[in-house]
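Student: Quick note, the sequences are listed as chains A and B, same order.
Going by our numbering, the first sequence opens with residue 1, and the numbers climb by one from there.
Going by our numbering, the second sequence opens with residue 1, and the numbers climb by one from there.
Derived from the structure by calculation, the hints contain no laboratory data.
Watch out, some of these pointers could steer you wrong.
All copies of an identical chain are treated as equivalent in the list; a pair is satisfied when it fits inside any one copy or across any two copies.
[What the hints assert, rightly or not] Quick list of in silico lysine-lysine cross-link-like pairs, DSS-like style, CA-CA up to 27 angstroms: (1) Lys-232 to Lys-271; (2) Lys-295 to Lys-207; (3) Lys-118 to Lys-207; (4) Lys-271 to Lys-37; (5) Lys-24 to Lys-195; (6) Lys-37 to Lys-118; (7) Lys-24 to Lys-260; (8) Lys-271 to Lys-195; (9) Lys-195 to Lys-423; (10) Lys-4 to Lys-423; (11) Lys-295 to Lys-239; (12) Lys-37 to Lys-251; (13) Lys-450 to Lys-423; (14) Lys-271 to Lys-251.
Chain by chain, the residues:
2 protein chains.
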Amino acid sequence: MTRKILINAFNMNTPVHQTQGLWKHPRDRSSEYTTIKYWQDLARTLERGLFDGIFLADITGVYDVYGASPDAALRNAVQVPNNDPYLLIPVMAAVTEHLGFGVTGSLTYEPPNTFARKMSTLDHLTNGRVGWNIVTGYLNSAAKAAGQVKQTDHDTRYDIAEEYMEIMYKLWEGSWEEDAVCRNVETGVYVDPAKVHRIKHDGEYFKLEGIHLSEPSLQRTPVLYQAGSSSKGQAFAGKHAECAFISSPTKNVMAGTVRKMRAATEQQGRKARDVAIFAMMNVIVGRTNEEAQEKLREYRQYASYEGALTLMSGWTGIDFSSCDPSDPVKHIRNDSMQTAIDRFTIADPNRVWTVGEVAEYLAIGGSGPVIVGSVQEVSDEMQRWVEETGIDGFNLAYTVNPESIADFVDMVVPELQRRGVYKTEYRSGTLREKLFGESPRLQAPHPATKFRI
Amino acid sequence: MTRKILINAFNMNTPVHQTQGLWKHPRDRSSEYTTIKYWQDLARTLERGLFDGIFLADITGVYDVYGASPDAALRNAVQVPNNDPYLLIPVMAAVTEHLGFGVTGSLTYEPPNTFARKMSTLDHLTNGRVGWNIVTGYLNSAAKAAGQVKQTDHDTRYDIAEEYMEIMYKLWEGSWEEDAVCRNVETGVYVDPAKVHRIKHDGEYFKLEGIHLSEPSLQRTPVLYQAGSSSKGQAFAGKHAECAFISSPTKNVMAGTVRKMRAATEQQGRKARDVAIFAMMNVIVGRTNEEAQEKLREYRQYASYEGALTLMSGWTGIDFSSCDPSDPVKHIRNDSMQTAIDRFTIADPNRVWTVGEVAEYLAIGGSGPVIVGSVQEVSDEMQRWVEETGIDGFNLAYTVNPESIADFVDMVVPELQRRGVYKTEYRSGTLREKLFGESPRLQAPHPATKFRI
């Protein structure tokens, strides 16, 4: 059986996510993001296209490196204003049956016990369709907004994350036995107290004592997503993640990242394919190549270069507001820029990009590549990405929302199905069963299972 | 014009809220609380009955004073297991147009910036129908579960609350000017940065710097609810609250509480009626008195006395597990019990209650009174409560869910409407406009307005 390509939609509770300036496009509905209808319409479209899930990014700070102020981010609505992502999931779950939900949750800013309850609640309300993208936060502005003097350093954040995960596993897997809820109307016992265990944790960063407040949900631990690209981040993903998000501009670079991630997973005693790797991708499709190119040209008219540089400044820590568009990126490269280029790999090693080119590259599709072409060409290229890089699927961003998604669902999905590389119906069961086919719960040797009672 | 009686439904994301043991009743659906359908059905029923809102209680600890363990709470599902209340609001909002939502949020356990965004998101998704019940937390078990050694002392909690409110007002009222979001497709400006202001707060308990992440919602500050009954709590409510919840066993006791609350409001320079006071109430109604009494008898067969004492032990801090049902409550009274009796006023001053009687009293309806009777009798008695105590309306708990609510909607609501004391249609606008009729936003001299720009 051919391995099926997995597809998530990549979105955020904000009018402008990866693609900059397209909120001005007359068919773009992104500014309706504050309404329930917008998200329910989107969820229905995604389920019609048999998408595995919708993945919601989140930041709790602003991109304020560009011009040393949040002004450019605000002008271009670069991921600001933004709203809470968790609250969208119940309304999308209400109008779908199979669609999965991945939500970005920073463990830096939320107490473990109420966070664990929040995710369990989502797992209940969605009948086991929820996933958690574990992030440690990367914006200084978010740290300041949460009352910290500055961002905790990168390595320490991963130490905190390790401890946080241990508490999560204790709460989700180790507090309630499977049959603790008996609801016995004869004996009057709703929960058998002997089967509910108090968690005690006295660690370096956290200390808590108590039972998990939520009764067992179908998946217990939500499907775990991670997007860390540093070596600490990859080791963390190799240990904990079931899904990983990556972003690379070329197949070659991506193939290397995939190999490293598979190796990191195996180093933790897990099978390489225990982690499903999703690559960020943007698709602009037409019935013909000309139609697609024409769409791209039309879209580009609305692109915001200031918005793109704002995003890039936020990611790299370098203020690009004083650069000339013709400045070569190599010219202004410093240590932190080197890291940024490695991380976002916005430039391939053999090319000197200018600031303007990078901005143009980022404006449509953000840090991910863009495939533009006919249905056949897009499908061919998607298959090549999978075959030549070893990824499991795509995290599909949008250019115009929901047009980009609807185009993909109406044109590309049927072709991928015809080729036998995309599902023709959902598997039954929880998100974990749909993705991995085994069980609603995590299996050994995943570290969560060590805390199971 | 006769002042209309306000009615909220009182509920919680848990199988057992105020009434103990009724989860065993064959028509009780409370154990479906983990599903979206359950809450959407309930919301539709409430809107059919023109309820002003549904008010969601919450605790993040367990009642573990009884028997010095959480066992009795678990056995009887006394507010445990419980799930996150916020996530229910979007799904109920999706199937209603007017129903308001009050949600209990403890400011002790959530960072101000993400909490402010969460409430703004709810205000957006509900089109301005959200309220916040400000609590400072009262369970030691919740403090421990959040990693604190023990509960912060009562007075300090209110000092923290004052500072937290100031930050909330700064974020909700003082960060974004009303027309900051311009979405000008000609100029490409989504937000005018000159109209978005960075909040700086450097206080005793909190420190933060940043803009509010959410764009302005209809109400900005959600409708503020408070239930504090101590003198510090009443002063806090008098200053901040727009709605207050109280609970008293007799009209006489309640009238005194209402007078104190009105006075506390006036002491803050506000009008006495700027705070809408809701009294907790449970109604068991039949077409005749006999039918209602028969319902009560039937319900009582399912009541859990252990559950009631578990709740009472949690509220009072006294372990009632070692008491005999015939022990007089006065006999075991100590300083903390005195406070508890004053607070919950479960005993009137001229009567010596036994532990068993108190348990029986609490088992149906929790700490609030219960009205049992025909449609006429219930309506008469509700009107008397309003007239003789000065309250604005009721916070209606349930005995069997949703039967108790459906009975009330089908029988009592039409009678109250016939009498001209209950609305026959919703007012248009936000929850604040529906309740107070003036503006979607808070008006001077409410302290929030001082932070408005």
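Student: Go through the copies and call it for Lys-37 and Lys-251: within, between, both or neither, with a Cα cutoff of 27 angstroms.
Tutor: Classified as neither: same-chain Cα gap 37 angstroms, cross-chain 45 angstroms, threshold 27 angstroms.
Student: My question is about Lys-450 and Lys-423: at a cut-off of 27 angstroms on alpha-carbon distance, are they close within one copy, between copies, both, or neither?
Tutor: neither (33 angstroms within a copy, 57 angstroms between copies)
Student: Classify it for me, Lys-271 with Lys-195: is the Cα-Cα distance of at most 27 angstroms met within a copy, between copies, both or neither?
Tutor: Result: close neither inside a copy nor across copies, 32 angstroms intra and 53 angstroms inter.
Student: Under a CA distance limit of 27 angstroms, which applies to Lys-295 and Lys-239: within one copy, between copies, both, or neither?
Tutor: neither (42 angstroms within a copy, 57 angstroms between copies)
Student: Which holds for Lys-271 with Lys-37 at a C-alpha limit of 27 angstroms: within a copy, between copies, both or neither?
Tutor: neither (41 angstroms within a copy, 39 angstroms between copies)
Student: Using 27 angstroms as the alpha-carbon threshold, which applies to Lys-24 and Lys-260: within, between, both, or neither?
Tutor: neither (40 angstroms within a copy, 55 angstroms between copies)
Student: If the cut is 27 angstroms between Cα atoms, do Lys-118 and Lys-207 qualify within a copy, between copies, both or neither?
Tutor: Both: 19 angstroms inside a chain and 26 angstroms across chains, each within 27 angstroms.
Student: Which holds for Lys-24 with Lys-195 at a C-alpha limit of 27 angstroms: within a copy, between copies, both or neither?
Tutor: For Lys-24 and Lys-195, only the inter-copy Cα distance (20 angstroms) is at most 27 angstroms; the intra-copy one is 56 angstroms.
Student: Given identical chains, is Lys-295 near Lys-207, meaning Cα to Cα at most 27 angstroms, within a copy, between copies, both, or neither?
Tutor: neither (54 angstroms within a copy, 48 angstroms between copies)
Student: With identical chains treated as interchangeable, where does the CA-CA distance between Lys-4 and Lys-423 reach 27 angstroms or less: within a copy, between copies, both, or neither?
Tutor: within (6 angstroms within a copy, 57 angstroms between copies)
Student: At most 27 angstroms between C-alpha atoms: does Lys-271 with Lys-251 qualify within a copy, between copies, both, or neither?
Tutor: within (23 angstroms within a copy, 68 angstroms between copies)
Student: Between Lys-37 and Lys-118, at a C-alpha cutoff of 27 angstroms, which is it: within one copy, between copies, both, or neither?
Tutor: Answer is both: 23 angstroms inside a copy and 18 angstroms across each meet the 27 angstroms cutoff.
In this structure, the hints that do not hold are numbers 2, 4, 7, 8, 9, 11, 12 and 13, in rising order.
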